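The hints should help you fit chain P onto chain W, whose structure is shown.
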Amino acid sequence: MSSLWFWIVAAMVVTYVVLDGFDIGAGAIYLLAAKTNDERRRILRAIGPVWDGNEVWLLAAGGTLYFAFPKLYASSFSGFYLPLMMVLWLLMLRAIGIEFRAHIEHAIWQDFFDVVFCMSSILLAVFFGAALGNVVRGVPLDATGYFFEPLWTNFKLNADIGILDWYTVLIGVMALVTLTAHGSYYIALKTDEDLGRRARGFALLCWPLQFFLTFSALVATYFIRPTIMANYRNHPIGILIPIIVVACLAVMLWANPKGKERLAFIASGLYIAFMLVGAAFALYPVLLSAREHQYDLTIYNSAAGSHGLRVGLVWWTFSAILAVAYFVFVYWKFRGKVPVGEGHY
Amino acid sequence: MDSALLIHRLHFAFTATFHYLFPQLTMGLALLIVVLKTIALRRNDPVYHESARFWAKIFGINFVLGVVTGIPMEFQFGTNWSHFSRFAGGVIGQTLSMEGMFAFFLESAFIGLFLFGEKKLSPRAHWWSAFGVFAGSWLSGYFIIATDAFMQYPVGYYKASDGSLQLASFWTFVLNPWAGWQYAHNMSGAAITGAFIMTSVGAFYLLSNKWTVHARIFVKTGVIAGCIFSVLQIFPTGDRQGKMVTELQPVTLAAMEGLFHGQTQAPLLILGQPNEEQGKIDNPLQVPGVLSMLTYRRWDAHVRGLDAFPKQDWPGNIPLLYYSYHIMVGLGSFFIAIMSLALLLLWTGKLFNARWMLWILMLAAPFPYIANTAGWMTAELGRQPWIVYGLMRTEDGYSKLVSAGNGLFTLLGFMGMYMVLGILGLFLLWREIDHGPAAASLSNLQPSTDAPREVR
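As given, the protein sequences belong to chains W and P, one line each in that order.
Residues -1 to 343 in the numbering used here are what the first sequence lists, from first letter to last.
Residues 77 to 532 in the numbering used here are what the second sequence lists, from first letter to last.
Keep in mind that the hints were calculated from the coordinates and are not lab data.
Please read these numbers as outputs of a predicted model, since none were measured by experiment.
Just so you know, even glycine gets a beta-carbon here, dropped at the ideal spot from N, CA and C.
Don't take each hint at face value.
[Unchecked claim] So these bits of chain P aren't anywhere near chain W, every CB distance computed over 12 angstroms:
no., residue
1, Ala89
2, Gln152
3, Glu175
4, Ala179
5, Trp257
6, Ile304
7, Ile403
8, Ser416
9, Phe443
[Claimed, not checked] Here are the computed lysine-lysine pairs in the BS3-like style, where the Cα-Cα straight-line distance is at most 27 angstroms:
no., chain 1, residue 1, chain 2, residue 2
10, P, Lys286, P, Lys426
11, P, Lys235, P, Lys476
12, P, Lys296, P, Lys426
13, W, Lys33, W, Lys335
14, P, Lys426, W, Lys331
15, W, Lys335, W, Lys154
16, W, Lys331, W, Lys258
17, W, Lys154, W, Lys258
18, P, Lys196, W, Lys335
19, P, Lys286, P, Lys296
20, W, Lys331, P, Lys286
21, P, Lys426, W, Lys335
The shape of chain W in the complex, shown without the other chains:
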């Protein structure tokens, strides 16, 4: 039962990153890709009807984590106290950047919110990447099951460890490049003319970086945690995951210049999904690894009571079907290229 919840939470996190990832990425290229007010409004209109719903996946994943693995929720949220609070501030700034800009037609007002939206998107991507880096690298959990990490110490992986070190910064940069590419493919898909062309150009620029960072991250991960390959050795089926990742990278490189925006965007989404699934596959059954492995939080020592998990499965399934139905409906309603000069934002 707790294995099932491990994969449900993982699937929700993946959904969050793939969906909110494209509107965060769109924010990252926003200032450079969109030159005119009309172009900026088109980016906002491309993500406007969906960004809030995408972000709900973060809340829903957080809530599901809380309910299925309360110990993990308690340890990780208090341990990552400072970066999480900063993520909250960035989420707030990003939301008002998107939503308040349109209320006043004044250049100063709009320029201000443009910068707020773009900068908060970029920083969020880096923070999320660094968070993933921390989960893979391990945190200083002890016998009490709690830890507290400062933001940074000396950027080295030694006893006195911080949220940011060379490894987690590397993963943060990889996340930024990945989401920037993802957002670029989305904007290329949803817009045309100069803006669409520029978005394709950004995606093209990102590709070699993404390729290089993917391999550096894999090598670095193996270097700092050689045990990470154990699950792959024991279950060779897992080898399919890196193969799919490489295939997605190839499809992105091939589809983008040919103007197959939908294919490129889907490949980018699958790339993100399988990178994360690959990490989850390697970590299973560990939820949050400790620097000293006897203190790992696993699905066995962190799960809620079995009755709660069984009951939860009933309503979770029902609500997940509803949620997917809403998303299909909303995305279908706002399908196609963003029309010029019409709509809010």
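Structure of chain P alone, referenced to chain W:
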């Protein structure tokens, strides 16, 4: 109180109090907008359509602020109250997770269609989008209240071998008897905020002699709804909640009422300042026997005072609890008074010309916010010193590894952030009110100045 505990309590209290300024209007207005849209659809009346659109704009700004200040709430259970989360997460994780899965998805899916999709949808489909937003926001309210109800009166759990609480019975937990009346009381309070704000804006337009056709609809809808919900607020919802407190948290009742010593024919205290040092009320203004009547339905019933309970189980801040409760009740009575008077004037056709009454209605706008805040302070201060009533003390629930210094750092950060959000929100709301409802005809829904502009 050690300083980390104080910081973590202030952290949650500040963010929760500021956050709840927005959802109460969201939930109240969502209901009234559905009412306006229903009338608009039935009568095919463009003025009602414009009214609904005007309030949808106010709703939109308020909704954004509610969403952004709401995200930190879910996080803080883990960041600032991790020992509590580990202890009770096996139970309350259920409702907090359900809020996201059932309510937030519903709300977020329909909010875009509701605010920006009127041109894309048929009038009936647009009505359904408004209803979806209403249903989502009211559903979300229930899950939060059910979570709080567990902290006030834990049911449906068992204690696992590691000492944590786990779910034993889903329906007992979700249908906690405490949650039912608390939910009714809370939602009625939200509807009062919506009604007072709508009335206030209408009264402002009537007094400034602008958009009077729309303004009459606002005042009429607001006064009728305000009157209904002000009455429901006291009876039966407030009365029944008081009875639950009497039965299940008697020490809280004694502190709320300022009853230091138990007695028969206990008086209802209208005014007076609790003097904890001497265990009495200074300058009391009281009505004999009424508290006994309200709590036990008998004039001569014995009501237990604070002296009947060990001091370590008394709520930590008795004066603040006492004042919160009295402010809530006082304002609640005031709402009934002005709303029934306004309804009487409306009935006799004099309200729209009674400038003195319109002045009162216009200036009454802040009071429901104060009453709702005071009500929540009563509930949460009254629960002290427990974080889960009778099972875990507040001092055992906070994140022991998050130091007071780190807590203060983020508390100050939130204060700065919320000050900016508050100023921006008030500024934008004022602009919408200043533009008025006539700007909300369907052809004007989009900003008209579409000309491309070079930004650099």
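Hint by hint, here is what the structure shows:
no.: 1; hint: Ala89; result: 16 angstroms, holds
no.: 2; hint: Gln152; result: 8 angstroms, violated
no.: 3; hint: Glu175; result: 7 angstroms, violated
no.: 4; hint: Ala179; result: 9 angstroms, violated
no.: 5; hint: Trp257; result: 24 angstroms, holds
no.: 6; hint: Ile304; result: 32 angstroms, holds
no.: 7; hint: Ile403; result: 30 angstroms, holds
no.: 8; hint: Ser416; result: 37 angstroms, holds
no.: 9; hint: Phe443; result: 27 angstroms, holds
no.: 10; hint: Lys286/P x Lys426/P; result: 18 angstroms, holds
no.: 11; hint: Lys235/P x Lys476/P; result: 22 angstroms, holds
no.: 12; hint: Lys296/P x Lys426/P; result: 12 angstroms, holds
no.: 13; hint: Lys33/W x Lys335/W; result: 18 angstroms, holds
no.: 14; hint: Lys426/P x Lys331/W; result: 47 angstroms, violated
no.: 15; hint: Lys335/W x Lys154/W; result: 46 angstroms, violated
no.: 16; hint: Lys331/W x Lys258/W; result: 22 angstroms, holds
no.: 17; hint: Lys154/W x Lys258/W; result: 43 angstroms, violated
no.: 18; hint: Lys196/P x Lys335/W; result: 15 angstroms, holds
no.: 19; hint: Lys286/P x Lys296/P; result: 16 angstroms, holds
no.: 20; hint: Lys331/W x Lys286/P; result: 38 angstroms, violated
no.: 21; hint: Lys426/P x Lys335/W; result: 54 angstroms, violated
Hint check: violations occur at hints 2, 3, 4, 14, 15, 17, 20, 21; the rest are consistent with the structure.
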